[in-house]
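Residue numbers (numbering that gives the first Met the number 0), protein chains in the order written: chain A, 0 to 361; chain B, 0 to 158.
Each hint should be verified, as a subset may be incorrect.
Here are the simulated DSS-like pairs of lysine-lysine, each with C-alpha atoms no more than 30 Å apart in a straight line [unchecked claim]: (1) Lys359(A) to Lys83(B); (2) Lys314(A) to Lys32(B); (3) Lys167(A) to Lys11(A); (4) Lys314(A) to Lys129(B); (5) Lys310(A) to Lys83(B); (6) Lys11(A) to Lys75(A); (7) Lys44(B) to Lys314(A); (8) Lys124(B) to Lys310(A); (9) Lys140(B) to Lys11(A); (10) Lys310(A) to Lys44(B).
Some, not all, of what chain B presents toward chain A, calculated at C-beta under 10 Å [as the list claims (entries may be wrong)]: (11) Val12; (12) Val13; (13) Ile84; (14) Phe88; (15) Tyr92; (16) Ile96; (17) Pro97; (18) Ile104; (19) Asp109; (20) Ala114; (21) Lys129; (22) Ser147; (23) Phe155; (24) Glu158.
Calculated from the structure, these hints are not laboratory results.
Here the structure is a predicted model, which is why all the values come from computation and not from measurement.
All residues carry an ideal CB built from backbone N, CA and C; glycine is no exception.
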Amino acid sequence: MANKWSRDLAIKDDALHPCTYPGSWEWWYLDADFENGYTIAGTFHYGSPRPPANSDARFIEIAIYDPAGNRRMTRKRYPIDKCSFSTEICDVVIGPNFMKSVNGLEKYHMYMSEGDQGFDLTYERLVTGYVTPGQAQPADCYPPNTPPSWIVIMTKAKVTGTLTFDGKTMKVSGVGYHDHNLESAPYGTKEGGIGGTAYGSVGLNLFWSKLYAGDWTINWVCNRTTRRGGFAQSNRKSEVNVIVYKGNEIVAHTNNGYAIGSDTTTAGTGPGVEWPRHVKVVFDEPGLIEGTMELNNVRCIEFMDLHSRFKPFQKWYTETYIGHSAYFRHRFDYDANLTIIGQPVKYKGPFWMEHHKYGKGY
Amino acid sequence: MQINAKMAEQVGVVVCEAREHFADAVEEYMRNKKTDNGFVSLNDKLEIERLFTEAVNSYIIAELAAIVSHVIYDELKNKEILEKIVPAFIDQYEGTIPRLPDDLINKTVDLTEIANRVLEAQANKTDIVKALLRDVSLNAKTKHMHASFAACALNFLGE
């Protein structure tokens, strides 16, 4: 896999990265889309990624969305003595929930179960992963003031097993994804964040998703600074990371492009928090990847009001000067019209995205 | 040092907010101009300068004062900085403004209720937090910059 865009992944990349910095955190993430229309997303947390910093927090989140749009979200915290983490290999245990490597980075056993919701799945890697050069090294302690490390272990995986929704267990098969993120401080507490009062960099909307289209896989995270983005640099550039695979090989990468939302509506109570019904994604790396993806958000399936943890004057301050930060997942219909390494890539279909909203506007 | 770094970021946050409101106000002014001959007249410049002053008075003066005061308070632990010295200065400054900007009034409209709610909860609060809460409760409808200052300080104190 090693090429100019990514170093080789090691088994230790997906192990715990021992870090003594106060506020450090890691999470292991997985998702899957099943042929029966269900979608899952799950996370194993070592330390809190959101302020206030708490490296001792151990918790899991299980989200299951059925084809009709019903959602089941379970978040549960466990004491440290009910959890274990290997520093050699992915072997993450939080209460009864676990994520374990069965065969290096090629095959994993993912099990999460809380009450009437859960899954027991095998992930077999179809498309390799990615780590930004310079980010966390395998199981090294990561220094402060470095970018958050995004280690993609399986960009695309064959997923089989069972899914339990409201106590009903069904056999499932589909396509999944697994990555591992780590940082030395909670989101928003360094580099353009707003200290202990909010979530992320001021003025950004960040969209993340994948495009699984034929032999092509695109793992893209795009944002675009709003007018509020960056007080030091009023014309701060978009921040984009797009990794393109053909088969099992990375064939292109770019940091050039943007994603911008429009036609907004709101979620939540009161004035609500804006989210876009339409997102336009533009890739702009001539010769590697260029073109657009038009995404029509047909349903907001997840909304987390990140102000719910704030105290009254923190809420007032953030609403007044920054905006209401939130986390969303949206189902969308896409229309991709791209040219990748000179080849036309045109696809349409349904999928979903993650949307971090850090401030006002789009 | 950590407090200083965080407070330095807050300078950017409030300047960014003021910048955005100022740009919006200029846009609205230019759109509403009855004549547009392509020139910025002397009257236009005076009006744009007035809009700039309103943005600064609405989003920067009290806020910057709170940011700097918090840094000094954190170093010296002298609560009079937040309770008396700087608020008195803010009151004097606010007294010189002939017409308070709507943005300044609007952004403080809910503060009395927020402060009263926290005070009524009677949770364990430090003396300085109680003093600032009373400050907000008493002043949010009359001394808007003073209330903004105290509300920002409460935010920085984790309230």
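Outcome of the hint check:
no.	hint	verdict
1	Lys359(A) to Lys83(B)	34 Å, violated
2	Lys314(A) to Lys32(B)	37 Å, violated
3	Lys167(A) to Lys11(A)	36 Å, violated
4	Lys314(A) to Lys129(B)	18 Å, holds
5	Lys310(A) to Lys83(B)	24 Å, holds
6	Lys11(A) to Lys75(A)	26 Å, holds
7	Lys44(B) to Lys314(A)	36 Å, violated
8	Lys124(B) to Lys310(A)	13 Å, holds
9	Lys140(B) to Lys11(A)	59 Å, violated
10	Lys310(A) to Lys44(B)	42 Å, violated
11	Val12	5 Å, holds
12	Val13	6 Å, holds
13	Ile84	21 Å, violated
14	Phe88	21 Å, violated
15	Tyr92	20 Å, violated
16	Ile96	19 Å, violated
17	Pro97	24 Å, violated
18	Ile104	13 Å, violated
19	Asp109	7 Å, holds
20	Ala114	8 Å, holds
21	Lys129	13 Å, violated
22	Ser147	9 Å, holds
23	Phe155	8 Å, holds
24	Glu158	5 Å, holds
Consistency note: the structure conflicts with the earlier hints numbered 1, 2, 3, 7, 9, 10, 13, 14, 15, 16, 17, 18 and 21.
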